Amino acid sequence: MKFITDNLERWITGITLLSTTIMIGLIDNDFVMWFYLGIFYFIGFHEAIKLFGIQRKYPYYYATVIWLVAYFYPNPDDLFFIMAIFFGAKLAYTQKHIKKKLLIPFLYPVSGFLFMFMLYRDFGVEWMLWLLVIVAMTDTAAYFVGKSVGRTPFSPSSPNKTLEGVIGGVIFATVAGAIAGFFMDLVP
10 MKFITDNLER
20 WITGITLLST
30 TIMIGLIDND
40 FVMWFYLGIF
50 YFIGFHEAIK
60 LFGIQRKYPY
70 YYATVIWLVA
80 YFYPNPDDLF
90 FIMAIFFGAK
100 LAYTQKHIKK
110 KLLIPFLYPV
120 SGFLFMFMLY
130 RDFGVEWMLW
140 LLVIVAMTDT
150 AAYFVGKSVG
160 RTPFSPSSPN
170 KTLEGVIGGV
180 IFATVAGAIA
190 GFFMDLVP
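Residue numbers (this note's numbering): 10 to 197.
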């Protein structure tokens, strides 16, 4: 019981997000999914901007345009490559070297959310559920394995994560993902 009371805020957040995600999945509407993913897209983008200490505001404009276009463009994952071409063209035209840290927020959260939206559009909500199961299993198993047997620090940016937790999470999620995919009729 101490585990629940010590992590009450996490439990409330997790249950709220899970309930909302289930509701969005049951609605299974293109616009609603785009909007819902967009909320997390902008939260992730903002966190990346803060993480890399970017002071400029124009990356937010680019991120907004990319997400708006993603709704109307038939292959949202193509926008990642179009974005890379745009940055390359800007570099070639202006001869100004774009700082690497300005590109990183577009590589991490933007590309990930574009691919998630593409996964939903091309394969349906079942595949999104499968991906959610895998991510949840990875996080959960990594946490418990890391807390129980973790000794080796994994990353300076995440001091509480351990190598044992990461390995345990990946192994558990691989097995759980295969089983879930089989029972969801996603695996041939």
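Worth flagging that the hints you see were computed from the coordinates, not collected in a lab.
Here the structure is a predicted model, which means the values were calculated and not measured.
A couple of the hints might just be wrong.
Restraint-style ranges between C-beta atoms, simulated for each label pair [said to hold, decoys possible]:
| hint | residue 1 | residue 2 | range |
| --- | --- | --- | --- |
| 1 | F90 | L60 | 20 to 26 Å |
| 2 | L35 | T103 | 45 to 51 Å |
| 3 | F192 | P165 | 23 to 29 Å |
C-beta atoms are modelled at their ideal positions from N, C-alpha and C, and glycine is treated no differently.
Query raised in the report: Going through the earlier hints one by one, which of them does the structure break, listed in rising order?
Result: The structure breaks only hint 3.
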